[in-house]
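K.L.:
Each chain, letter by letter, is given below.
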Amino acid sequence: QQQVKQSPQSLIVQKGGIPIINCAYENTAFDYFPWYQQFPGKGPALLIAIRPDVSEKKEGRFTISFNKSAKQFSLHIMDSQPGDSATYFCAASKKTGNEKLTFGTGTRLTIIP
Amino acid sequence: DGGITQSPKYLFRKEGQNVTLSCEQNLNHDAMYWYRQDPGQGLRLIYYSQIVNDFQKGDIAEGYSVSREKKESFPLTVTSAQKNPTAFYLCASRGLNDNEQFFGPGTRLTVL
Numbered sequence: 308q309q310q311v312k313q314s315p316q317s318l319i320v321q322k323g324g325i326p327i328i329n330c331a332y333e334n335t336a337f338d339y340f341p342w343y344q345q346f347p348g349k350g351p352a353l354l355i356a357i358r359p360d361v362s363e364k365k366e367g368r369f370t371i372s373f374n375k376s377a378k379q380f381s382l383h384i385m386d387s388q389p390g391d392s393a394t395y396f397c398a399a400s401k402k403t404g405n406e407k408l409t410f411g412t413g414t415r416l417t418i419i420p
Numbered sequence: 327d328g329g330i331t332q333s334p335k336y337l338f339r340k341e342g343q344n345v346t347l348s349c350e351q352n353l354n355h356d357a358m359y360w361y362r363q364d365p366g367q368g369l370r371l372i373y374y375s376q377i378v379n380d381f382q383k384g385d386i387a388e389g390y391s392v393s394r395e396k397k398e399s400f401p402l403t404v405t406s407a408q409k410n411p412t413a414f415y416l417c418a419s420r421g422l423n424d425n426e427q428f429f430g431p432g433t434r435l436t437v438l
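Heads up: the sequence lines are chains C and Y, in that order.
Using my numbering, read the first sequence as starting at 308 and increasing by one per residue.
Using my numbering, read the second sequence as starting at 327 and increasing by one per residue.
One should not assume that every hint holds.
[Said to hold, decoys possible] The list that follows gives simulated cross-link-like pairs (lysine-lysine, DSSO-like), each with its CA atoms no further than 27 Å apart:
#1 Y/Lys-397 <-> Y/Lys-340
#2 C/Lys-407 <-> Y/Lys-335
#3 Y/Lys-409 <-> C/Lys-349
#4 C/Lys-407 <-> Y/Lys-409
#5 C/Lys-401 <-> Y/Lys-397
#6 C/Lys-375 <-> C/Lys-312
#7 Y/Lys-396 <-> C/Lys-349
#8 C/Lys-349 <-> Y/Lys-383
#9 C/Lys-365 <-> C/Lys-312
#10 Y/Lys-383 <-> C/Lys-407
#11 Y/Lys-396 <-> C/Lys-407
#12 Y/Lys-383 <-> C/Lys-312
#13 C/Lys-364 <-> C/Lys-349
#14 C/Lys-349 <-> Y/Lys-397
#15 Y/Lys-340 <-> C/Lys-349
#16 Y/Lys-335 <-> C/Lys-349
#17 Y/Lys-383 <-> C/Lys-401
#18 Y/Lys-397 <-> C/Lys-407
Derived by calculation from the structure, the hints in this document are not laboratory data.
With the rest of the complex left out, here is chain C (with noise of 0.2 Å):
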């Protein structure tokens, strides 16, 4: 049972554009929610994360949007560079005690030049 949906599975932006990639999930006792970053032959590496007490955090050019009545969030990648190309990965756990994280699909991000 896939609970957090992640879409597009792959996008292409030119080079200062804004890619936006969504996940929605089920299970309305999770509480955070983070976005991982992978590069070819790498290890995810976290991005952001938000907590469903906010709606809109942001760090730098990454934006995370939370939308709790519909159960789904997004990132946002303002003024995007060719260096963000890489596979970004949505995830979802309880906050607390040792829960595990359900990741998303991922999506494969090109930035063209």
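Fit chain Y to the known structure of chain C by using the hints.
P.N.:
This is chain Y only, laid out in the frame that chain C set:
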């Protein structure tokens, strides 16, 4: 220099052989995880351990085994019972009161 190390980076195995992937962390994290990554399928949890000498099956544990004899080490054995073991394997760890998981660089296993 703190972090998670995985070895080897590349591993080739003949069918019918067991192989063990190493994962070591010096972050003093209690929880450790093993994931399998296949193209288009994201990260799938194989096994996880919250404390030494204890571990639980994840979503795709069949054909794999683990041990957690030391806090800093969580090796994964891919047994001959795993029908399709060729994949990228990722180890991660997490502090007791944190949500963030830190990932290692991965091991790419290829069955010949």
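K.L.:
Would you check the hint for C/Lys-407 and Y/Lys-335, treating anything up to 27 Å between C-alpha atoms as holding?
P.N.:
Holds, at about 25 Å.
K.L.:
Do the alpha carbons of Y/Lys-383 and C/Lys-401 lie within 27 Å of each other, as the hint requires?
P.N.:
holds, 18 Å
K.L.:
Take a quick look at whether C/Lys-364 and C/Lys-349 sit within 27 Å of each other, Cα to Cα.
P.N.:
The hint holds at about 26 Å.
K.L.:
Does C/Lys-407 sit within 27 Å of Y/Lys-396, going by the straight-line distance between their CA atoms?
P.N.:
holds, 21 Å
K.L.:
Please verify whether C/Lys-407 and Y/Lys-409 have alpha carbons no more than 27 Å apart.
P.N.:
holds, 25 Å
K.L.:
For the pair supplied as a hint, C/Lys-349 and Y/Lys-397, is the alpha-carbon distance within the 27 Å limit?
P.N.:
holds, 24 Å
K.L.:
Going straight from one Cα to the other, do Y/Lys-397 and Y/Lys-340 come out at no more than 27 Å?
P.N.:
The given pair, whose Cα atoms are some 31 Å apart, is violated under the 27 Å limit.
K.L.:
Is C/Lys-349 within 27 Å of Y/Lys-383, Cα to Cα?
P.N.:
The hint holds at about 25 Å.
K.L.:
Holds or violated: Y/Lys-335 and C/Lys-349, Cα atoms, limit 27 Å.
P.N.:
Roughly 10 Å between the alpha carbons, so the hint for Y/Lys-335 and C/Lys-349 holds.
K.L.:
Taking only the CA atoms, is the gap from Y/Lys-383 to C/Lys-407 under or equal to 27 Å?
P.N.:
holds, 11 Å
K.L.:
Hey, C/Lys-375 versus C/Lys-312, does the alpha-carbon distance stay inside 27 Å?
P.N.:
holds, 15 Å
K.L.:
Hey, Y/Lys-396 versus C/Lys-349, does the alpha-carbon distance stay inside 27 Å?
P.N.:
Roughly 25 Å separates the two Cα atoms, so the pair holds.
Figure legend: structure checked against the earlier numbered hints; the only hint not met is number 1.
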